[in-house]
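Fit chain B to the known structure of chain A by using the hints.
Number of protein chains: 2
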Amino acid sequence: MLATDEYIARELPRWRAELAELLRFRSISTDPAFASDVQRTAEWLVDRLERAGLAATCAETGGHPVVLGRHTVGRDAPTLLVYAHYDVQPPEPLDEWQTPPFEPTVRGDRLYARGAADDKAQVILQLAAAEAALATDSLPINLILLFEGEEEIGSPNLVPFVRMHARDLKSDHVLIADSMMFAPGRPSLIFGMRGLAYFEIEVRIGAHDLHSGQYCGAVPNPAHALATIIDSLHDANGRVAIEGFYDDVELPGPGILEEWRELNFDERAFQMTAGDAALLGEAGFSTPERLWIRPALDVNGIASGYAGPGAKTVLPARALAKLSCRLVPKQDFARVQQLLGAHIERVTPPGVHVRVECLQGSQPWRADPSAPLFSAAARALESVFGVPPVRVAHGGTLPIAPEFADLLQAPVMVMGFALPGANMHAPNEWFPLDHLEKGIKTMTRLYTMLAQ
Amino acid sequence: MLATDEYIARELPRWRAELAELLRFRSISTDPAFASDVQRTAEWLVDRLERAGLAATCAETGGHPVVLGRHTVGRDAPTLLVYAHYDVQPPEPLDEWQTPPFEPTVRGDRLYARGAADDKAQVILQLAAAEAALATDSLPINLILLFEGEEEIGSPNLVPFVRMHARDLKSDHVLIADSMMFAPGRPSLIFGMRGLAYFEIEVRIGAHDLHSGQYCGAVPNPAHALATIIDSLHDANGRVAIEGFYDDVELPGPGILEEWRELNFDERAFQMTAGDAALLGEAGFSTPERLWIRPALDVNGIASGYAGPGAKTVLPARALAKLSCRLVPKQDFARVQQLLGAHIERVTPPGVHVRVECLQGSQPWRADPSAPLFSAAARALESVFGVPPVRVAHGGTLPIAPEFADLLQAPVMVMGFALPGANMHAPNEWFPLDHLEKGIKTMTRLYTMLAQ
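So the protein lines, in turn, are chains A and B.
Going by our numbering, the first residue of the first sequence is number 1, and it counts up by one from there.
Going by our numbering, the first residue of the second sequence is number 1001, and it counts up by one from there.
Here chain A stands alone, though its shape is the one from the complex:
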């Protein structure tokens, strides 16, 4: 083990440089304009996997490619599949970044860039851990590294891919290398994440925009109608007001809920990460409960008419909203889509046309936190961070978590090394510089522990 740590210490500067290189790729999966950037990122990863000593392939899918790296010991050794993703969110709004999103910049002990936390640092640390273990003859298990290029658009092609290659990808443990620790110095293991149902709503009144003076007061306004619809989605207690929305919600066992009461969730620190936003939500639940085990609905964007500098007296012809529900077991995104559609039909004011489209759907996921992968990872984390990890859930969505559990019939765990307040999906995203090394070390220890 000492030799591996020495190798890690020696190669760390190169891996940092490689991380910076990876962060410069504009691998924005949602925007077709960046498709070739995503492709080049995948090819770069294949090259790095090969140099690390793994058998690497760039597997085409219906969309952006899946990158695979593989080290095989033999049938008797256990197999660990590690998942991460190399695509990123769009960087907008650009003017709120202190330094350009695709020019990685170190300030203090943080590395800033789009994708730094979500998920490129974690891609590099998995790659580096495999390289370090191989180079020092310390990789006693079968390892499959699977890097996806479509996580930020709901993984439309990964499930068919995993299904088609289920035999090749057969594993005893699945680690999803994404997400973050509970707090600085407090690593965590995640056993549950929320699902997602993402919608686009368009309200239209006519064929084209109008001069507001000539029509104001005599035709419906699509932004009014959209506001009526959005306002109807919550009641005064912060609950989602869509009929039937909570029908299938299942809480975790009381043991977990009691454990969480001892967590000392730091509301003030959380609030600071939220840009000092107020902490408000569904009445009767704590902040971690609202995030981890309660469903919620948020508007992700709205647009209509003119919102640039100055005044434009236009009466817009259409208004658009993007909104999404975070779902918990055992809600089903297809059923939520039906419920939302029926609700909108009921509340839409007269004289406007509404289109509701589901852009993404991912089921919620919850694992058994007593599986062997969880205990091995707990020991690995404790040996690096000096404290045992806490068992938590997470408010975000990893579409592939429930799918891996289902398709590979293996326990799934999520372990990430970003920190709260990392500004994932927002301007000034960052990753703690020292967690690159800590993550690499945790992984090399985990390989050994899984072989025991």
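Think of the hints as simulated: they come from the structure by calculation, not from any bench.
Don't take each hint at face value.
Unchecked claim - Computed list of chain B residues with no C-beta within reach of chain A, every gap over 12 Å:
hint: 1; residue: E1050
hint: 2; residue: D1172
hint: 3; residue: T1448
Said to hold, decoys possible - Quick look at which bits of chain A chain B covers, simulated, 3 or more residues with Cβ under 8 Å:
hint: 4; stretch: 28-42
hint: 5; stretch: 208-221
hint: 6; stretch: 271-277
hint: 7; stretch: 281-288
hint: 8; stretch: 296-309
hint: 9; stretch: 322-331
hint: 10; stretch: 389-397
Claimed, not checked - The calculated label-pair distances, taken between Cβ atoms and stated as ranges, are:
hint: 11; chain 1: B; residue 1: E1202; chain 2: A; residue 2: E60; range: 43 to 51 Å
hint: 12; chain 1: A; residue 1: L257; chain 2: B; residue 2: N1237; range: 42 to 50 Å
hint: 13; chain 1: A; residue 1: G341; chain 2: B; residue 2: R1163; range: 55 to 63 Å
hint: 14; chain 1: A; residue 1: G185; chain 2: B; residue 2: S1036; range: 55 to 63 Å
hint: 15; chain 1: B; residue 1: A1207; chain 2: A; residue 2: D109; range: 15 to 23 Å
hint: 16; chain 1: B; residue 1: A1342; chain 2: A; residue 2: L251; range: 40 to 48 Å
hint: 17; chain 1: B; residue 1: E1202; chain 2: A; residue 2: L263; range: 32 to 40 Å
hint: 18; chain 1: B; residue 1: L1094; chain 2: A; residue 2: P350; range: 25 to 33 Å
Where is the CB? At the ideal position from N, CA and C, for every residue including glycine.
Same frame as chain A, but now just chain B:
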């Protein structure tokens, strides 16, 4: 008079070319990026006025310049001041234009371009009428042409300008050469227009955008709060729900309302100009009443988070709305601003910060439709169009109308030659080609009638 008409027939092709030239200037007054385009437009107009035989000046203001052209007969002759504006609205959304907004294009009997109807064709026809009358020795009155460059941003500098030069601009009649006819073949004289109070509302929850998975359900959403505010602004009868909003509303005399019942306002034609939008508004009023004598409130734009292609799971930090009230006598925009501010304070949900800013305010205007200017113009229009004009009001706003009446103590009338459905402030704005000549002829006849 025959000589003047002959001159007009001969020079019409050149004036058409000059109109196309004027339409190519991007004189977008609201966007500082186009300030030099606005300046160049003013200089071009000074040159054309001089060539037409008028004494021309480009008068600097605190913003975009005022262009003045003047012909003086003597103290005994009456003075007509004609106002028009050479600035235009922004052309967005660009992808809805069939041909580029600043490349004037003839299709059928219409000329398409940003500013074609509002107000550049009317600028050219006033210029051409003065030229034709002067060239044929048929301008028996004092004439002042005043072309503004800030109409589309609420004329912030024109009132100080007119006040400062009130003695120089002293007139017996004021004609505002903007707006449109009642219907094709039915000219109209406008004696009332609505005022405007234009607001920007910003809702903010924190310092920066958030990852919706990590915060959804635990912090307020600014787009929800904005929707709550917007939805609260109307009741179920389509009335503005701001307390006190209707307190000062004064209807015109019953004579006018009766006249309008005979107008045969063509609802279907109006609906077609509105891109086939439904005709809906305040309960208990007809469409022309809703437009001409009832106040109204419309959202002109909203923006928050991500509204581009695909899905982005962002929880936005702020949401913005532009909204405006059209006001009727004797509402006051400053009082409406107070009422709106108090309303928003009352309905804003907890946990968000709201800023309300008034970007523009213009008082409503109503004139006496029996003034001599109205009867002279009625005769001029009838001699060109073959039918007498109808007396109507208009839903739009010309900030300078009430100001001219007040500062110059002269009767004000609005007469325009665009047609309903001209797409003012919207994509594919157009002006009827033959109205250039008809407008020029109407003006040359009006000069003569005012001298009688």
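A quick look at each hint next to the structure:
1. E1050: Holds, because the least Cβ-Cβ distance between E1050 (chain B) and chain A comes to about 32 Å, which exceeds 12 Å.
2. D1172: holds (28 Å)
3. T1448: holds (32 Å)
4. 28-42: Holds, because 3 residues of the stretch 28-42 of chain A bring their Cβ atoms closer than 8 Å to Cβ atoms of chain B.
5. 208-221: It holds: at least three residues are needed, and the stretch 208-221 of chain A offers 14 whose Cβ sits within less than 8 Å of chain B.
6. 271-277: holds (count 4)
7. 281-288: Coverage by chain B holds here, the residue count being 3 at a Cβ distance below 8 Å.
8. 296-309: With 14 residues closer than 8 Å to chain B, the stretch 296-309 of chain A meets the three-residue bar; holds.
9. 322-331: holds (count 3)
10. 389-397: Contact hint for the stretch 389-397 of chain A vs chain B: holds, 4 residues under 8 Å.
11. B:E1202 / A:E60: 43 to 51 Å: Since E1202 (chain B) and E60 (chain A) have Cβ atoms about 46 Å apart, the given range 43 to 51 Å holds.
12. A:L257 / B:N1237: 42 to 50 Å: holds (48 Å)
13. A:G341 / B:R1163: 55 to 63 Å: Given a distance of about 58 Å, which is inside 55 to 63 Å, the answer is holds.
14. A:G185 / B:S1036: 55 to 63 Å: The hint (55 to 63 Å, Cβ to Cβ) holds, given that G185 (chain A) and S1036 (chain B) are roughly 57 Å apart.
15. B:A1207 / A:D109: 15 to 23 Å: holds (21 Å)
16. B:A1342 / A:L251: 40 to 48 Å: holds (43 Å)
17. B:E1202 / A:L263: 32 to 40 Å: Check passed, 36 Å falls within 32 to 40 Å.
18. B:L1094 / A:P350: 25 to 33 Å: Taking Cβ atoms as reference, L1094 (chain B) and P350 (chain A) lie about 31 Å apart, which means the hint holds.
Violated hints are absent here; each numbered hint is respected by the structure.
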